[in-house]
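**Student:** Sequence:
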Amino acid sequence: MYDFAVVGVGPAGARFARRAAESGYDVLALEKGEVGTPLACSGHVSTDIWDYVPDDARDHLFQNRIYGADFHVGGPNSKAYPFYKQSEVSNVIDRVELDRTLADCAREAGADVREGHTVTGIEELDDRVRLTASVAGEAGTVQFEAKMVAGCDGPTSRVRRSLDLPEPTETLHGVLAFDPDPDDGDFVDVHLTVPRFFAWRIPRGDAGVEYGLAAPPGAEVTEMFDALTNTYDVETEHFCSGAIPIGPPEQTTTDRAFLIGDAAAQTKPFTGGGILYGMTSADHAADAIDPDDPATLADYEEAWRDTLSTEIRLGHLVRKCYSFPEWLQHVGLRTLSGEIGVHMDKPSSFFSREHLKKLF
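Residue 333 in the working numbering sits at position 296 of the sequence shown, and the numbers go up by one each step.
It is possible that part of the hints are untrue.
Between beta-carbon pairs, the in silico distance windows are [said to hold, decoys possible]:
hint, residue 1, residue 2, range
1, Gln-180, Arg-350, 36 to 42 Å
2, Asp-164, His-275, 42 to 48 Å
3, Gly-177, Gly-222, 47 to 53 Å
4, His-392, Thr-157, 46 to 52 Å
5, Asp-343, Asp-292, 21 to 27 Å
6, Ala-117, Asp-292, 48 to 54 Å
7, Ala-173, Lys-395, 47 to 53 Å
Computed list of lysine-lysine pairs in BS3-like fashion (alpha-carbon distance at most 25 Å, straight line) [what the hints assert, rightly or not]:
hint, residue 1, residue 2
8, Lys-122, Lys-394
9, Lys-383, Lys-395
10, Lys-395, Lys-116
11, Lys-122, Lys-395
12, Lys-383, Lys-394
13, Lys-383, Lys-357
14, Lys-395, Lys-357
15, Lys-357, Lys-116
16, Lys-184, Lys-69
17, Lys-122, Lys-383
What the hints contain is simulated information worked out from the structure, not anything from laboratory work. Note that beta-carbon positions come from the ideal geometry of N, C-alpha and C, so glycine has one too.
Using the sequences plus the hints, can you model the full thing?
**Tutor:** Now the structure itself:
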(Lines of atoms letter the chains of each structure in order from A and count residues from 1; the text may use other names and numbers.)
(Lines give C-alpha, C1' and ligand atoms only; values in the text may rest on other atoms or scores of the structure.)
Protein backbone atom coordinates (compact mmCIF):
# COMPACT_ATOMS: atom_id res chain seq x y z
CA MET A 1 0.00 0.00 0.00
CA TYR A 2 1.51 3.30 -1.16
CA ASP A 3 0.45 6.69 0.11
CA PHE A 4 0.32 8.08 -3.44
CA ALA A 5 0.35 6.47 -6.85
CA VAL A 6 1.32 8.92 -9.59
CA VAL A 7 0.26 8.10 -13.14
CA GLY A 8 2.52 9.89 -15.63
CA VAL A 9 6.07 11.11 -15.00
CA GLY A 10 6.18 14.31 -17.01
CA PRO A 11 7.09 17.58 -15.27
CA ALA A 12 3.91 17.73 -13.18
CA GLY A 13 4.01 14.07 -12.11
CA ALA A 14 7.73 14.08 -11.39
CA ARG A 15 7.47 17.30 -9.40
CA PHE A 16 4.62 15.98 -7.25
CA ALA A 17 6.37 12.63 -6.72
CA ARG A 18 9.51 14.44 -5.59
CA ARG A 19 7.73 16.81 -3.22
CA ALA A 20 5.53 14.09 -1.71
CA ALA A 21 8.52 11.77 -1.22
CA GLU A 22 10.47 14.59 0.41
CA SER A 23 7.57 14.93 2.87
CA GLY A 24 8.05 11.31 3.90
CA TYR A 25 5.25 9.68 1.93
CA ASP A 26 5.60 6.35 0.10
CA VAL A 27 5.21 7.29 -3.57
CA LEU A 28 4.87 5.08 -6.65
CA ALA A 29 5.19 6.83 -10.03
CA LEU A 30 4.34 4.97 -13.24
CA GLU A 31 5.33 6.06 -16.76
CA LYS A 32 3.95 4.09 -19.70
CA GLY A 33 7.10 4.34 -21.79
CA GLU A 34 10.50 5.88 -21.31
CA VAL A 35 10.52 9.17 -19.38
CA GLY A 36 10.76 12.11 -21.79
CA THR A 37 9.56 10.29 -24.89
CA PRO A 38 7.85 10.71 -27.20
CA LEU A 39 8.49 14.44 -27.36
CA ALA A 40 5.26 16.39 -27.81
CA CYS A 41 6.03 19.77 -26.27
CA SER A 42 8.19 22.80 -27.00
CA GLY A 43 11.27 23.50 -24.91
CA HIS A 44 10.70 27.28 -24.82
CA VAL A 45 10.16 28.19 -21.16
CA SER A 46 10.47 31.11 -18.77
CA THR A 47 13.62 31.43 -16.72
CA ASP A 48 11.58 30.31 -13.68
CA ILE A 49 12.34 26.75 -14.83
CA TRP A 50 15.68 26.88 -13.01
CA ASP A 51 13.89 27.04 -9.66
CA TYR A 52 12.68 23.46 -10.20
CA VAL A 53 15.91 21.66 -11.12
CA PRO A 54 19.30 21.21 -9.42
CA ASP A 55 21.81 24.00 -10.01
CA ASP A 56 24.12 21.74 -12.00
CA ALA A 57 21.29 20.71 -14.36
CA ARG A 58 21.58 23.96 -16.31
CA ASP A 59 24.77 22.75 -18.00
CA HIS A 60 23.00 19.93 -19.87
CA LEU A 61 19.54 21.48 -20.21
CA PHE A 62 20.28 24.99 -21.49
CA GLN A 63 20.26 25.56 -25.27
CA ASN A 64 19.63 29.25 -25.91
CA ARG A 65 18.54 32.53 -24.32
CA ILE A 66 15.68 34.59 -25.71
CA TYR A 67 15.24 38.35 -25.31
CA GLY A 68 12.01 38.87 -27.22
CA ALA A 69 9.64 37.93 -30.04
CA ASP A 70 8.86 39.27 -33.49
CA PHE A 71 5.13 39.07 -34.15
CA HIS A 72 3.89 38.76 -37.73
CA VAL A 73 0.39 38.99 -39.11
CA GLY A 74 1.67 37.20 -42.23
CA GLY A 75 4.62 35.01 -43.14
CA PRO A 76 8.36 35.47 -42.46
CA ASN A 77 8.68 38.30 -44.99
CA SER A 78 5.82 40.29 -43.49
CA LYS A 79 6.32 43.27 -41.17
CA ALA A 80 7.69 42.28 -37.77
CA TYR A 81 6.44 43.87 -34.56
CA PRO A 82 9.11 43.33 -31.86
CA PHE A 83 8.39 42.79 -28.18
CA TYR A 84 11.53 42.57 -26.05
CA LYS A 85 13.38 43.09 -22.79
CA GLN A 86 16.93 44.18 -22.07
CA SER A 87 17.28 41.07 -19.91
CA GLU A 88 16.40 37.47 -20.78
CA VAL A 89 12.70 36.85 -21.32
CA SER A 90 13.01 33.09 -21.57
CA ASN A 91 15.29 30.17 -22.29
CA VAL A 92 15.22 27.28 -24.71
CA ILE A 93 16.01 23.95 -23.07
CA ASP A 94 16.36 20.28 -23.96
CA ARG A 95 12.78 19.20 -23.33
CA VAL A 96 13.50 15.46 -23.16
CA GLU A 97 16.34 15.95 -20.69
CA LEU A 98 14.10 18.17 -18.54
CA ASP A 99 11.70 15.27 -17.98
CA ARG A 100 14.57 12.92 -17.19
CA THR A 101 16.15 15.39 -14.78
CA LEU A 102 12.88 15.91 -12.91
CA ALA A 103 12.28 12.14 -12.75
CA ASP A 104 15.79 11.67 -11.33
CA CYS A 105 14.99 14.27 -8.68
CA ALA A 106 11.90 12.24 -7.72
CA ARG A 107 13.98 9.05 -7.47
CA GLU A 108 16.61 10.75 -5.36
CA ALA A 109 13.87 11.96 -3.01
CA GLY A 110 12.75 8.35 -2.52
CA ALA A 111 9.90 7.91 -5.01
CA ASP A 112 9.59 4.50 -6.70
CA VAL A 113 9.65 5.60 -10.35
CA ARG A 114 8.93 2.81 -12.83
CA GLU A 115 9.10 3.15 -16.59
CA GLY A 116 7.34 0.82 -19.05
CA HIS A 117 4.21 0.58 -16.90
CA THR A 118 0.98 1.41 -18.74
CA VAL A 119 -1.98 1.89 -16.42
CA THR A 120 -4.96 0.09 -17.94
CA GLY A 121 -7.48 0.23 -15.12
CA ILE A 122 -8.25 2.38 -12.07
CA GLU A 123 -10.73 1.40 -9.38
CA GLU A 124 -11.61 3.87 -6.65
CA LEU A 125 -12.60 2.11 -3.43
CA ASP A 126 -13.77 3.51 -0.10
CA ASP A 127 -10.33 3.48 1.49
CA ARG A 128 -7.89 3.10 -1.40
CA VAL A 129 -7.36 3.15 -5.14
CA ARG A 130 -6.43 0.02 -7.07
CA LEU A 131 -4.44 0.36 -10.30
CA THR A 132 -3.92 -2.29 -12.95
CA ALA A 133 -0.97 -1.92 -15.30
CA SER A 134 0.71 -3.79 -18.11
CA VAL A 135 4.49 -3.98 -18.07
CA ALA A 136 6.54 -3.63 -21.23
CA GLY A 137 7.97 -6.97 -22.32
CA GLU A 138 5.97 -8.99 -19.80
CA ALA A 139 2.79 -11.01 -20.12
CA GLY A 140 -0.26 -10.32 -18.00
CA THR A 141 -0.81 -7.37 -15.68
CA VAL A 142 0.23 -6.19 -12.23
CA GLN A 143 -1.79 -4.39 -9.59
CA PHE A 144 -0.87 -1.65 -7.15
CA GLU A 145 -2.81 -0.07 -4.30
CA ALA A 146 -2.48 3.41 -2.89
CA LYS A 147 -4.42 5.66 -0.58
CA MET A 148 -4.70 8.23 -3.38
CA VAL A 149 -3.86 8.53 -7.05
CA ALA A 150 -2.48 11.58 -8.85
CA GLY A 151 -3.49 11.74 -12.52
CA CYS A 152 -0.55 13.42 -14.26
CA ASP A 153 -1.02 11.50 -17.50
CA GLY A 154 -1.54 14.27 -20.03
CA PRO A 155 -4.32 15.66 -22.21
CA THR A 156 -6.08 12.33 -22.77
CA SER A 157 -5.72 11.28 -19.13
CA ARG A 158 -6.83 7.73 -18.40
CA VAL A 159 -7.22 8.67 -14.74
CA ARG A 160 -9.59 11.50 -15.64
CA ARG A 161 -11.68 9.37 -17.97
CA SER A 162 -11.71 6.25 -15.79
CA LEU A 163 -13.08 8.22 -12.87
CA ASP A 164 -15.57 10.19 -14.99
CA LEU A 165 -14.06 13.58 -14.26
CA PRO A 166 -15.08 16.27 -16.77
CA GLU A 167 -13.00 16.96 -19.87
CA PRO A 168 -11.09 20.20 -20.59
CA THR A 169 -13.04 22.90 -22.38
CA GLU A 170 -11.07 22.46 -25.60
CA THR A 171 -8.23 20.42 -27.05
CA LEU A 172 -5.95 21.84 -29.74
CA HIS A 173 -3.79 19.84 -32.11
CA GLY A 174 -0.13 20.86 -31.94
CA VAL A 175 2.73 19.85 -34.24
CA LEU A 176 6.42 20.68 -34.27
CA ALA A 177 9.66 19.60 -35.96
CA PHE A 178 13.28 20.66 -36.10
CA ASP A 179 15.81 22.07 -38.52
CA PRO A 180 19.23 20.83 -37.32
CA ASP A 181 21.18 23.85 -38.62
CA PRO A 182 22.47 25.87 -35.62
CA ASP A 183 20.89 29.26 -34.94
CA ASP A 184 21.91 31.38 -31.96
CA GLY A 185 19.40 34.16 -32.64
CA ASP A 186 17.77 35.60 -29.53
CA PHE A 187 14.25 36.35 -30.83
CA VAL A 188 11.47 33.90 -31.56
CA ASP A 189 9.06 34.49 -34.44
CA VAL A 190 5.30 34.29 -33.91
CA HIS A 191 2.94 34.14 -36.90
CA LEU A 192 -0.76 34.88 -36.44
CA THR A 193 -1.56 32.86 -39.55
CA VAL A 194 -3.27 29.86 -37.94
CA PRO A 195 -7.01 29.74 -37.12
CA ARG A 196 -7.55 30.78 -33.48
CA PHE A 197 -3.91 30.23 -32.55
CA PHE A 198 -0.42 30.80 -34.04
CA ALA A 199 2.71 29.31 -35.58
CA TRP A 200 6.24 29.76 -34.27
CA ARG A 201 9.94 29.59 -35.01
CA ILE A 202 12.33 29.18 -32.06
CA PRO A 203 16.14 29.33 -32.43
CA ARG A 204 17.79 26.70 -30.22
CA GLY A 205 21.46 27.55 -30.56
CA ASP A 206 23.61 24.58 -31.55
CA ALA A 207 20.51 22.36 -31.33
CA GLY A 208 18.99 23.99 -34.43
CA VAL A 209 15.58 25.60 -34.88
CA GLU A 210 12.14 24.50 -33.76
CA TYR A 211 9.13 25.13 -36.01
CA GLY A 212 5.60 24.50 -34.81
CA LEU A 213 1.96 25.49 -34.69
CA ALA A 214 -1.29 24.56 -33.02
CA ALA A 215 -4.88 24.79 -34.21
CA PRO A 216 -8.39 23.67 -33.22
CA PRO A 217 -9.62 20.18 -34.16
CA GLY A 218 -10.51 19.84 -37.82
CA ALA A 219 -7.85 22.23 -39.03
CA GLU A 220 -5.36 20.75 -41.48
CA VAL A 221 -2.36 21.18 -39.23
CA THR A 222 0.04 19.10 -41.34
CA GLU A 223 -0.72 21.16 -44.43
CA MET A 224 -0.35 24.39 -42.47
CA PHE A 225 2.94 23.18 -41.04
CA ASP A 226 4.24 22.34 -44.52
CA ALA A 227 3.24 25.82 -45.65
CA LEU A 228 5.13 27.34 -42.69
CA THR A 229 8.37 25.48 -43.37
CA ASN A 230 8.06 26.08 -47.12
CA THR A 231 7.90 29.82 -46.58
CA TYR A 232 11.07 29.55 -44.49
CA ASP A 233 12.56 27.25 -47.15
CA VAL A 234 13.74 24.62 -44.65
CA GLU A 235 13.66 20.86 -44.34
CA THR A 236 12.70 19.60 -40.88
CA GLU A 237 13.09 16.31 -39.03
CA HIS A 238 11.75 14.59 -35.90
CA PHE A 239 8.14 15.58 -36.56
CA CYS A 240 6.06 15.48 -33.35
CA SER A 241 2.34 15.75 -32.80
CA GLY A 242 0.19 16.01 -29.69
CA ALA A 243 -2.92 17.33 -28.01
CA ILE A 244 -2.95 20.62 -26.08
CA PRO A 245 -5.75 20.95 -23.48
CA ILE A 246 -7.17 24.43 -22.98
CA GLY A 247 -9.58 25.40 -20.21
CA PRO A 248 -9.57 23.45 -16.91
CA PRO A 249 -12.62 21.27 -16.19
CA GLU A 250 -14.99 22.32 -13.44
CA GLN A 251 -13.65 19.62 -11.13
CA THR A 252 -10.21 18.03 -10.90
CA THR A 253 -10.67 15.81 -7.82
CA THR A 254 -12.77 12.84 -6.67
CA ASP A 255 -12.86 11.11 -3.29
CA ARG A 256 -9.35 9.68 -3.68
CA ALA A 257 -7.97 11.06 -6.94
CA PHE A 258 -6.71 14.38 -8.23
CA LEU A 259 -5.42 15.71 -11.53
CA ILE A 260 -2.30 17.80 -12.13
CA GLY A 261 -0.83 19.39 -15.25
CA ASP A 262 -2.21 18.71 -18.72
CA ALA A 263 -4.63 16.15 -17.26
CA ALA A 264 -6.26 19.09 -15.46
CA ALA A 265 -5.72 21.47 -18.41
CA GLN A 266 -3.53 23.66 -16.19
CA THR A 267 -2.09 25.37 -19.27
CA LYS A 268 -1.71 28.86 -20.72
CA PRO A 269 -4.62 29.45 -23.15
CA PHE A 270 -2.55 31.94 -25.16
CA THR A 271 0.47 29.64 -25.79
CA GLY A 272 -0.60 26.12 -24.80
CA GLY A 273 2.42 25.79 -22.51
CA GLY A 274 1.85 24.06 -19.21
CA ILE A 275 5.20 23.13 -17.68
CA LEU A 276 5.32 25.89 -15.05
CA TYR A 277 1.56 25.88 -14.37
CA GLY A 278 1.66 22.10 -13.89
CA MET A 279 4.62 22.18 -11.52
CA THR A 280 3.09 25.08 -9.58
CA SER A 281 -0.04 22.98 -9.13
CA ALA A 282 2.08 19.97 -8.15
CA ASP A 283 3.55 22.04 -5.34
CA HIS A 284 0.07 23.00 -4.19
CA ALA A 285 -0.95 19.33 -4.20
CA ALA A 286 2.11 18.34 -2.18
CA ASP A 287 1.47 21.11 0.34
CA ALA A 288 -2.26 20.56 0.71
CA ILE A 289 -3.08 16.87 0.35
CA ASP A 290 -2.88 14.36 3.20
CA PRO A 291 -3.41 10.82 1.85
CA ASP A 292 -5.11 9.86 5.13
CA ASP A 293 -7.60 12.73 4.87
CA PRO A 294 -9.60 12.89 1.62
CA ALA A 295 -11.10 16.21 2.72
CA THR A 296 -7.76 17.85 1.94
CA LEU A 297 -8.36 17.33 -1.77
CA ALA A 298 -10.69 20.31 -1.62
CA ASP A 299 -7.80 22.37 -0.26
CA TYR A 300 -5.73 21.47 -3.33
CA GLU A 301 -8.59 22.34 -5.68
CA GLU A 302 -8.96 25.74 -4.05
CA ALA A 303 -5.22 26.44 -3.87
CA TRP A 304 -4.32 25.86 -7.51
CA ARG A 305 -7.37 27.75 -8.75
CA ASP A 306 -6.56 30.71 -6.49
CA THR A 307 -3.08 30.86 -8.01
CA LEU A 308 -3.87 30.22 -11.67
CA SER A 309 -7.49 31.17 -12.39
CA THR A 310 -6.80 34.86 -13.03
CA GLU A 311 -3.83 34.08 -15.28
CA ILE A 312 -5.89 31.53 -17.22
CA ARG A 313 -8.83 33.91 -17.56
CA LEU A 314 -6.60 36.71 -18.84
CA GLY A 315 -4.87 34.20 -21.11
CA HIS A 316 -8.18 33.48 -22.80
CA LEU A 317 -8.59 37.20 -23.49
CA VAL A 318 -5.11 37.37 -25.02
CA ARG A 319 -5.94 34.44 -27.26
CA LYS A 320 -9.07 36.17 -28.56
CA CYS A 321 -6.78 38.77 -30.11
CA TYR A 322 -5.40 36.11 -32.46
CA SER A 323 -8.77 36.08 -34.24
CA PHE A 324 -9.13 39.85 -34.68
CA PRO A 325 -9.42 41.14 -38.25
CA GLU A 326 -6.00 41.59 -39.83
CA TRP A 327 -6.19 45.38 -39.87
CA LEU A 328 -6.96 45.42 -36.13
CA GLN A 329 -4.07 43.06 -35.41
CA HIS A 330 -1.74 45.49 -37.19
CA VAL A 331 -3.08 48.40 -35.13
CA GLY A 332 -2.77 46.51 -31.84
CA LEU A 333 0.71 45.19 -32.51
CA ARG A 334 1.97 48.57 -33.71
CA THR A 335 0.54 50.26 -30.61
CA LEU A 336 1.92 47.77 -28.07
CA SER A 337 5.23 46.72 -29.62
CA GLY A 338 8.55 47.76 -28.15
CA GLU A 339 10.19 47.16 -24.80
CA ILE A 340 7.99 45.25 -22.35
CA GLY A 341 7.87 44.45 -18.66
CA VAL A 342 5.67 41.35 -18.76
CA HIS A 343 6.36 37.80 -17.56
CA MET A 344 5.68 35.18 -20.23
CA ASP A 345 3.72 32.96 -17.80
CA LYS A 346 1.69 35.74 -16.20
CA PRO A 347 -0.72 37.80 -18.31
CA SER A 348 -1.56 39.76 -15.17
CA SER A 349 1.94 41.24 -15.36
CA PHE A 350 0.66 43.36 -18.27
CA PHE A 351 -0.79 45.59 -15.53
CA SER A 352 2.37 45.63 -13.45
CA ARG A 353 4.12 48.90 -12.68
CA GLU A 354 7.16 47.72 -14.63
CA HIS A 355 5.22 47.04 -17.81
CA LEU A 356 2.98 50.10 -17.63
CA LYS A 357 6.09 52.23 -17.26
CA LYS A 358 7.53 50.68 -20.43
CA LEU A 359 4.21 50.98 -22.26
CA PHE A 360 3.65 54.65 -21.58
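**Student:** Hints first: check each against the structure and report whether it holds.
**Tutor:** Results of checking the hints against the structure:
| no. | hint | result |
| --- | --- | --- |
| 1 | Gln-180 with Arg-350: 36 to 42 Å | holds (41 Å) |
| 2 | Asp-164 with His-275: 42 to 48 Å | holds (46 Å) |
| 3 | Gly-177 with Gly-222: 47 to 53 Å | holds (52 Å) |
| 4 | His-392 with Thr-157: 46 to 52 Å | holds (48 Å) |
| 5 | Asp-343 with Asp-292: 21 to 27 Å | holds (22 Å) |
| 6 | Ala-117 with Asp-292: 48 to 54 Å | holds (52 Å) |
| 7 | Ala-173 with Lys-395: 47 to 53 Å | holds (52 Å) |
| 8 | Lys-122 with Lys-394 | holds (13 Å) |
| 9 | Lys-383 with Lys-395 | holds (17 Å) |
| 10 | Lys-395 with Lys-116 | holds (22 Å) |
| 11 | Lys-122 with Lys-395 | holds (10 Å) |
| 12 | Lys-383 with Lys-394 | holds (17 Å) |
| 13 | Lys-383 with Lys-357 | holds (16 Å) |
| 14 | Lys-395 with Lys-357 | holds (24 Å) |
| 15 | Lys-357 with Lys-116 | holds (21 Å) |
| 16 | Lys-184 with Lys-69 | holds (21 Å) |
| 17 | Lys-122 with Lys-383 | holds (15 Å) |
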